[in-house]
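J.: What follows is the residue order along each chain.
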Amino acid sequence: MVKLTIGEKAWQSTVYFILIVLSLLCLLPFLYVVAVSVTPESEVLRRGIVIIPESFTFAAYKEVFVSNGIGQAYKITLFRTIVGTALNVFFTVIAAYPLSKKYLPGRSTFLLFIVFTMMFSGGLIPTYLLIRSLGMLNSPWVLIVPHLISAFNLVIIKGFFEQLPAEIEESARVDGASELQSLWKIILPLSMPVLATISLFYAVGHWNSYFDAIVYINDANLMPLQVVLRNILLNIANQSAESMANTGTVSQFAVQMAAVVVTTVPILIVYPFMQKHFTKGMLMGSIKG
Amino acid sequence: MQTKLAAEAIPISKKRNSWIRAIQKYKVMYILLFPALVYFAVFKYIPLAGIIIAFKNYNLALGLWDSPWVGLKNFQDFINGVYFWDIMRNTIVISLYKLLFGFSAPIALALLLNEVHTQWFKKIVQTITYLPHFLSWVIVYGLMVALLAPGDGLFNMILKENGFEPISFLTEPAWGRLLVISSEIWKDIGWGAILYLAALAGIDPSLYEAARMDGASKWRQLWHVTLPGIRGVIILMLILKLSHILDAGFDQIFMFANTFNQEKIDIIDTWVYREGLERLKIGLATAVGLFKAVIGFILVLAANKIAKKFDGQIW
Numbered sequence: 001m002v003k004l005t006i007g008e009k010a011w012q013s014t015v016y017f018i019l020i021v022l023s024l025l026c027l028l029p030f031l032y033v034v035a036v037s038v039t040p041e042s043e044v045l046r047r048g049i050v051i052i053p054e055s056f057t058f059a060a061y062k063e064v065f066v067s068n069g070i071g072q073a074y075k076i077t078l079f080r081t082i083v084g085t086a087l088n089v090f091f092t093v094i095a096a097y098p099l100s101k102k103y104l105p106g107r108s109t110f111l112l113f114i115v116f117t118m119m120f121s122g123g124l125i126p127t128y129l130l131i132r133s134l135g136m137l138n139s140p141w142v143l144i145v146p147h148l149i150s151a152f153n154l155v156i157i158k159g160f161f162e163q164l165p166a167e168i169e170e171s172a173r174v175d176g177a178s179e180l181q182s183l184w185k186i187i188l189p190l191s192m193p194v195l196a197t198i199s200l201f202y203a204v205g206h207w208n209s210y211f212d213a214i215v216y217i218n219d220a221n222l223m224p225l226q227v228v229l230r231n232i233l234l235n236i237a238n239q240s241a242e243s244m245a246n247t248g249t250v251s252q253f254a255v256q257m258a259a260v261v262v263t264t265v266p267i268l269i270v271y272p273f274m275q276k277h278f279t280k281g282m283l284m285g286s287i288k289g
Numbered sequence: 001m002q003t004k005l006a007a008e009a010i011p012i013s014k015k016r017n018s019w020i021r022a023i024q025k026y027k028v029m030y031i032l033l034f035p036a037l038v039y040f041a042v043f044k045y046i047p048l049a050g051i052i053i054a055f056k057n058y059n060l061a062l063g064l065w066d067s068p069w070v071g072l073k074n075f076q077d078f079i080n081g082v083y084f085w086d087i088m089r090n091t092i093v094i095s096l097y098k099l100l101f102g103f104s105a106p107i108a109l110a111l112l113l114n115e116v117h118t119q120w121f122k123k124i125v126q127t128i129t130y131l132p133h134f135l136s137w138v139i140v141y142g143l144m145v146a147l148l149a150p151g152d153g154l155f156n157m158i159l160k161e162n163g164f165e166p167i168s169f170l171t172e173p174a175w176g177r178l179l180v181i182s183s184e185i186w187k188d189i190g191w192g193a194i195l196y197l198a199a200l201a202g203i204d205p206s207l208y209e210a211a212r213m214d215g216a217s218k219w220r221q222l223w224h225v226t227l228p229g230i231r232g233v234i235i236l237m238l239i240l241k242l243s244h245i246l247d248a249g250f251d252q253i254f255m256f257a258n259t260f261n262q263e264k265i266d267i268i269d270t271w272v273y274r275e276g277l278e279r280l281k282i283g284l285a286t287a288v289g290l291f292k293a294v295i296g297f298i299l300v301l302a303a304n305k306i307a308k309k310f311d312g313q314i315w
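Going down the list, the protein sequences come from chains Y and F. Residue numbers for the first sequence follow this note's numbering, beginning at 1 and rising by one. Residue numbers for the second sequence follow this note's numbering, beginning at 1 and rising by one.
Calculated directly from the structure, the hints in this document are not laboratory data. Positions of the beta carbon are idealized from the N, C-alpha and C atoms, including for glycine. Hints may contain errors.
[To be verified] FRET-style restraints, in silico, Cβ to Cβ:
1) F/G202 - Y/Q252: 25 to 31 Å
2) Y/E41 - F/K123: 55 to 61 Å
3) Y/I52 - F/N80: 56 to 62 Å
4) F/T118 - Y/L27: 17 to 23 Å
5) Y/G48 - F/K241: 41 to 47 Å
6) Y/E41 - F/I167: 20 to 26 Å
7) Y/G7 - F/T118: 46 to 52 Å
8) Y/G7 - F/K241: 33 to 39 Å
9) Y/L164 - F/K123: 43 to 49 Å
[To be verified] Computed list of lysine-lysine pairs in DSS-like fashion (alpha-carbon distance at most 25 Å, straight line):
10) Y/K9 - Y/K102
11) Y/K101 - F/K25
12) Y/K9 - F/K122
13) Y/K102 - F/K123
14) Y/K75 - Y/K62
15) Y/K102 - F/K27
16) F/K27 - Y/K9
17) F/K15 - F/K25
18) F/K27 - Y/K185
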């Protein structure tokens with residue numbers, strides 16, 4: 001190790017300082033949201049800004065779950081995330097496999113057919129009219145089927161399949177394995193990292209999207225978590241008569257913050273498990289593609 | 001003449017035969033591919049064909065076929081509309097600001113992280129700064145409410161405690177663009193840095209050693225070793241972002257815009273949504289969507305062409 005000069009030491013300290021400030025800027029909003037959500041209104045009135053509460057209350061959380069339909073919204077979001085991601089990955093993989101075979105006649109035409117949709121699309125209105133005429137409005141499946149396959153993810157998986165050594169599969173085929181067997185028993189076990197990454201992309205997309213539900217769904221019972229949170233944040237009247245009578249002890253602001261916490265926590269729980277995969281995925285998506 | 005026609009006919013039937021044989025031989029492969037082709041045909045190509053609505057005065061009751069043709073009227077209405085320059089300006093200005101600051105911030109973060117040699121510290125900073133990327137725009141807006149709401153938002157509490165008037169950051173038009181751009185940087189600075197960190201890791205350490213031997217300062221090392229080492233990635237990302245200049249961030253702005261700050265942050269996409277699905281001017285909204293799609297398509301093709309010159313491909 002080369003000895004550091006004074007100038008270099010100063011430089012190092014500056015770098016650490018900036019990075020610490022930056023990390024705090026990323027964390028601060030979360031701390032404040034949690035603090036507000038559990039602080040009783042009386043304490044806020046007494047103390048003003050509360051970062052570390054002296055007393056706790058879960059009244060805001062009770063309000064969120066009882067009156068704002070978060071429980072039902074959770075079910076819808078879990079449905080679209082779990083079922084949706086499973087279907088996304090299944091249909092993406094079975095299409096990526098044939099497209100990864102350079103010998104397949106028509107391959108480049110099919111690829112162009114798919115990649116073109118990444119660059120040019122009919123846009124929001126024609127898509128809406130299509131969904132409407134398919135009778136899919138107000139169905140939970142409208143949150144899944146219109147985004148069944150992402151051309152981008154398909155291209156990433158295809159690229160990964162292509163760079164697997166062909167010899168492994170060939171020897172299995174010589175031993176009499178069918179295409180399906182070789183996909184299931186040889187290709188997929190070797191592709192676990194890329195499958196994890198792609199599943200993660202699909203799942204995060206499902207968990208976070210809200211606009212499709214706003215456009216395609218009217219039924220309050222089919223609204224996913226993000227839409228319910230949005231309504232709470234924008235004070236869009238959506239509460240049942242029961243909750244109107246119930247308010248008073250909890251401030252609307254605390255309820256909003258509790259709703260933010262309830263929606264964010266699942267992401268925080270799975271985040272450490274995802275971390276291993278997403279860096280790789282980010283690099284695959286951007287450089288190779 | 002007769003023989004010539006016959007000679008031409010043979011390759012065609014041969015070609016057809018070879019297709020049938022290929023399908024028989026790779027039957028399983030085509031079956032696997034089939035659902036994807038149906039999906040893209042239905043959910044991507046039918047809407048693509050639906051852009052003919054842009055040339056019609058579409059009426060929900062009449063439907064696609066019976067609505068009258070109006071030629072380019074929808075496009076003329078759009079370009080002559082009072083809102084045209086507003087939404088074009090908003091879209092491009094927000095995009096350019098995002099490009100200027102949102103593009104350079106991750107590079108700066110990556111350069112800073114690259115200076116850190118304490119692995120655990122680096123890991124913690126990365127873990128924290130990557131996190132916001134995985135939050136939805138609804139949640140990010142919720143965090144903005146926490147910080148900036150006029151009544152109880154943290155900043156406004158601080159302002160009030162120090163005797164200032166609270167500021168309506170979330171509804172004041174003057175704050176709209178700053179809000180949109182800074183929250184985008186907050187969300188994606190860490191995620192964007194990943195790519196540059198990977199590129200930085202690929203720089204040969206002996207180059208730095210040589211530079212130090214020659215007495216090069218930190219700044220000179222940055223200028224002559226580090227930046228040239230990641231120039232390729234920077235240029236690629238820049239071209240890619242430029243090609244999406246008309247995508248100013250629908251999911252974000254749809255969440256952040258309200259009737260108060262709309263004048264400053266209403267972009268093409270949010271306008272299309274309101275005009276088409278709320279005011280049911282379907283022909284006009286489709287035309288505007290098509291206008292945007294065509295420009296976007298040309299930009300992406302151009303970007304890819306330029307990127308190839310820089311020894312890489314975007315998609």
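J.: Decide, hint by hint, whether the structure agrees.
T.: We went through each hint and held it up to the structure:
| no. | hint | in the structure |
| --- | --- | --- |
| 1 | F/G202 - Y/Q252: 25 to 31 Å | 51 Å, violated |
| 2 | Y/E41 - F/K123: 55 to 61 Å | 39 Å, violated |
| 3 | Y/I52 - F/N80: 56 to 62 Å | 58 Å, holds |
| 4 | F/T118 - Y/L27: 17 to 23 Å | 19 Å, holds |
| 5 | Y/G48 - F/K241: 41 to 47 Å | 42 Å, holds |
| 6 | Y/E41 - F/I167: 20 to 26 Å | 23 Å, holds |
| 7 | Y/G7 - F/T118: 46 to 52 Å | 19 Å, violated |
| 8 | Y/G7 - F/K241: 33 to 39 Å | 35 Å, holds |
| 9 | Y/L164 - F/K123: 43 to 49 Å | 30 Å, violated |
| 10 | Y/K9 - Y/K102 | 55 Å, violated |
| 11 | Y/K101 - F/K25 | 14 Å, holds |
| 12 | Y/K9 - F/K122 | 17 Å, holds |
| 13 | Y/K102 - F/K123 | 40 Å, violated |
| 14 | Y/K75 - Y/K62 | 18 Å, holds |
| 15 | Y/K102 - F/K27 | 16 Å, holds |
| 16 | F/K27 - Y/K9 | 66 Å, violated |
| 17 | F/K15 - F/K25 | 15 Å, holds |
| 18 | F/K27 - Y/K185 | 20 Å, holds |
Of the hints listed earlier, those the structure fails to meet are numbers 1, 2, 7, 9, 10, 13 and 16, in rising order.
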